[in-house]
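Protein sequences, first through last, are from chains R, X and E.
Residue 571 in this note's numbering sits at position 571 of the first sequence, with consecutive numbering throughout.
Count along the second sequence from 1, then add 655; that gives the number in this note's numbering.
Count along the third sequence from 1, then add 811; that gives the number in this note's numbering.
None of these hints come from the bench; they were simulated from the model.
The model shown is predicted, which means the values in this text are computed figures rather than measured ones.
Just to be clear, a hint being listed does not mean it is correct.
To be verified - Cut-off 20 Å, straight-line C-alpha distance, at most; resulting in silico cross-link-like pairs (EDC-like, lysine to aspartate or glutamate):
1. Lys-909/E / Glu-725/X
2. Lys-909/E / Asp-718/X
3. Lys-382/R / Asp-751/X
4. Lys-909/E / Glu-680/X
5. Lys-382/R / Glu-725/X
6. Lys-721/X / Asp-602/R
7. Lys-382/R / Asp-837/E
8. Lys-721/X / Asp-847/E
9. Lys-606/R / Asp-679/X
10. Lys-721/X / Asp-417/R
11. Lys-911/E / Asp-718/X
12. Lys-267/R / Asp-156/R
13. Lys-606/R / Glu-680/X
14. Lys-909/E / Asp-714/X
15. Lys-696/X / Asp-536/R
16. Lys-911/E / Asp-714/X
17. Lys-848/E / Asp-746/X
18. Lys-382/R / Glu-913/E
19. Lys-382/R / Asp-940/E
20. Lys-382/R / Asp-679/X
To be verified - Computed footprint of chain E on chain X, listed as stretches where at least three residues anywhere in the stretch have a Cβ under 8 Å from a Cβ of chain E:
21. 712-720
22. 740-746
The C-beta atom is built at its ideal place from N, Cα and C for all residues, glycine as well.
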Amino acid sequence: MIAELGQLALALALIVAIAQSIVPLVGAARGDAALTAFARPAAYVQLAAVAAAFLALAYAYVTSDFSVATVARNSHTSMPLLYRLTGVWGNHEGSMLLWILILALMSAAVASFGANLPDGLRARVLAVQGMIGVAFLTFILFTSNPFTRQFPAPLDGRELNPLLQDPGLAFHPPWLYLGYVGFSVAFSFAVAALIEGKVDPAWARWVRPWTLFAWLSLTIGIALGSWWAYYELGWGGWWFWDPVENASFMPWLIGAALLHSAVVVEKRDALKSWTILLALIAFSFSLIGTFLVRSGVLTSVHAFAVDPARGVFILMILFAAIGGSLTLYAWRAPMLKAGGLFQPLSREGALVLNNLLLATGAATVLLGTLYPLFLDVLGAGKVSVGPPYFNSTFVPLMIPLVVAMAIGPLLSWKRADIAGAISRLAAAGIATVAVIGIVLYASGGTGFIAALGLGLAAWLFVGTMIEFAERLRLFRAPLAESYDRWRHLPRSALGMSVAHAGMAIAIAGMTASTLFQAEQILAMRAGEVVSMRGYDLRFEGVIQANGPNYQAERARFIVTSGGKPVTVLAPERRFYPVQRQQTTEAAIHTTGLADLYVVVGDSDGKGAWTVRLYHNPLVPWIWAGCLIMALGGGLSLTDRRLRVGAPKQRLAAAE
Amino acid sequence: MRRLVFALLLFIAAALPAAAIRPDEILADPALEVRARELGKELRCLVCQNQSIDDSEADLARDLRKIVRERLVAGDTDPAIRTYLVARYGDFVRLDPPLRVATAVLWFGPALILVLGAIGIAVFLRRKPAATAAPAALDSNDRARLERVLAEDDRR
Amino acid sequence: MRWLFLAPLLLFAIVAGYFAVGLTRDPGTLPSALLDKPAPDFDLPPLLPGKPGLATADLKGAPVLVNVWASWCVPCRAEHPVLTRLGREVPIFGLNYKDKPEDARRFLVELGDPYRRIGVDPSGRVGIDWGVYGVPETYIVDAEGRVRHRHVGPLTDRVVAETIRPLMKSLAR
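Put together the whole structure using the sequences plus the hints.
Written out as structure tokens, the structure is:
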């Protein structure tokens, strides 16, 4: 009964979405306030309906209602409550419902926080959100219904894939979707602006917080996924340039470009049609990612065909959303009034360089990801494009970007003194040279790439600190003045410094963990000791340890350093009988500067176990850096100027 | 079925957990082993999607790792080993696609995009001021809103 | 300048076109690297007493099918009846890939033996020379001993009717 109500709610949501995508548009075109005003309640009703459907599905999962086909396929009574709940989005149908829920949430947020938006703009934005909702609600109802019943209901379910029964991965999709779907708001704003034929600094200011929110959510989502890969896949890797990862990375890159170009629109009333294009592309990449991941054009092994109707349907959504918006762009963007001119050596010039490099980076990732498909379709043979390609094309593009990231914030708007900016970066230059020298010396002259990576990280970090200190006039003015400046520092400026510093930290982590990893793969018997970088690990053997829905072999290592006890590491190998699948749980001891990482493999049956041991320097900095970047985004989001509802409230208070 | 579950998650890199190489595969000569690992990272495990043979637990990946090591011990150069595998499995086996006519766009594309973008920016920056249209008139309502929002900036 | 605003749409149209065609392709199947090249050099011992093994020289003279199979491979069981029927029309040689001989013999006793010759490849090395990456695989080799086609995955009646049989007929001429 509950499941049927859920389905009914989805159908209701579809009807509301259809109305939401037509009525406000007509209202805005005719200047009819009554029709325009329809947009906000429609967004709220749609959210209520989709939330009801989501709760209905969650109820089916939590109560293990196996007459619902997706529950039977992806859940099991022995699973802990947490994973029965997160199992809701651990499959195609449920994750689509989560996607739609977040879309409805975003629309309702625009309706609620967008109080200071002009009525016409808000109505148009919500209408476009409604159209996206129509597309995905139709998709889920007609090709991926999560509420389909099956009779007779099986006695128990087939369980969630054990790899997904993990805290890191359980919350990875919601964050990722907040990012993907969050970009829909920027998209809708861009389409609305094209319809109105008007982009001004106020538009940029409205669109920026939504982009920031989507970008920081995507940052967290990607970081969670990468962290999960690191500890779950068992060899200390954290990024594989897999099409599925690339699908999330491309909107992230474009989102970052959009954040920066929107600043130029806001401050200088320039780069308008480019910013509009980025807003369209960021969400287009989210949609393309959805297509790539769910249609089977790229990831399919010669196994089961995915329901071809789904791929075709998503492709139709791509045609409508991307094709439609880019057609509108080709038609209307030339009519936008051109922005102001500017000098190449200026803050805006640096932001243009940022956009060029980020957009080229995204295009490179797209090219590498799709190239095997291109050649296959042309009948020109099958190729694989893997990490070596991206390392030798994408990574070099990021070098000038990082160099410019330290310089750009020191440049002033309109016309900057580049020599002055560089002279102020002397300390950063010294730090960079010092780091490069130390790394080269320590590696015996061979660690050129490591020296470059860590040198860039030092350059960016110190450069960011210099910019921040200058803003406060730290050590140049009396401390009281610096404190006063700190109190009045715009949150967006603080957010930028924090995000750039986070990037520096992440770069250091990526470089050091990749290039300074130590590895040992060996067969160990109980009682044997292995040493790695100052740690001694004594293997105590393996015991059986069973969880709620798995059987585990748990190894025990006593870790000492110079004879002093450090910790006990207990890596596991789990077997999930329902899915008949094995997983590996690495045991990690982290000092914040490095991880000691142990995985236990299979036994030879004669008392020896395969043990893989890694020492990964600075690897925690990757995720710490990502979280700091997201934190920077969050700080920026709390900037009073950007708080979307703020101006009206303040005005109301003033009246 | 596994793939269906996988297809949903936007982040799954590899189907099988745990690194693949076993202690008994490792060569006694550390220099050769380093070369074997480097080669292993750029050769694709054909049965699994987007994993190198270095990362894969699949049977075939293990066989290929063994072949790579045998040929290294026999004194083959790295290019000779690549050629050996490409002769059997085609370019598909290489994660680092060789530069050919068909892959020219792949390898030169990024540089081309960068150059085109830079040219575009140069043209944009050298545009004559005359090209800018007169600012479109805002209606009074819009102008009031715009000024109110922009005023926030200065009021702070 | 106006045409520049059309560029994103055109680029998208191209990519979308590839997507549309890509939906009809299976990215998992890989054409043989040996296509139109001579079959690799090999000489494998027999599996069954009284049935010869398989070597490169046996592939010359008339077009044949070379079927790579193993008793542990589930799809091999599925294609076996198709293979049995096909074996009445054209010669099929078996390459027993990474199998235990006793298991392989039991498999044939249980399901019947469609092969004219069977070579045993316990290490899988000959399989790798052929470029085998998933069992079962079926190769068509012409009278000169050149590989003309590879099918990856189990043979079905449809595959036989649409590809295998027409190609064998044209090669027999």
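Need the status of pair Lys-909/E, Asp-718/X: alpha-carbon distance at most 20 Å? holds, 11 Å
Tell me whether the statement that chain E covers the segment 740-746 of chain X is true, taking a Cβ distance below 8 Å and needing three residues at minimum. holds (count 5)
Straight-line Cα separation of Lys-848/E and Asp-746/X no greater than 20 Å? holds, 16 Å
Regarding the pair Lys-382/R and Glu-725/X, is the alpha-carbon distance no greater than 20 Å? violated, 27 Å
Run the distance test for Lys-382/R versus Asp-940/E: straight-line Cα separation, threshold 20 Å. holds, 19 Å
Going straight from one Cα to the other, do Lys-721/X and Asp-847/E come out at no more than 20 Å? With a Cα-Cα distance of about 28 Å, the restraint between Lys-721/X and Asp-847/E is violated, given a limit of 20 Å.
Pairwise hint evaluation, Glu-680/X against Lys-606/R, where the allowed Cα distance is 20 Å at most: holds, 18 Å
Given the hint that Lys-382/R pairs with Glu-913/E, does the C-alpha gap stay at or below 20 Å? With Cα atoms ~38 Å apart, Lys-382/R and Glu-913/E exceed 20 Å; violated.
Sort out whether Asp-417/R lies within 20 Å of Lys-721/X, counting only the CA atoms. The given pair, whose Cα atoms are some 60 Å apart, is violated under the 20 Å limit.
Given pair status - Asp-602/R, Lys-721/X, alpha carbons within 20 Å: holds, 19 Å
With the threshold set at 20 Å, check whether the alpha-carbon distance from Lys-911/E to Asp-714/X stays at or below it. holds, 15 Å
Against the 20 Å threshold, does the CA-CA distance of Lys-911/E and Asp-718/X hold or violate the hint? holds, 17 Å
Checked against the numbered hints above, the structure violates hints 5, 8, 10, 12, 15, 18 and 20; every other hint is satisfied.
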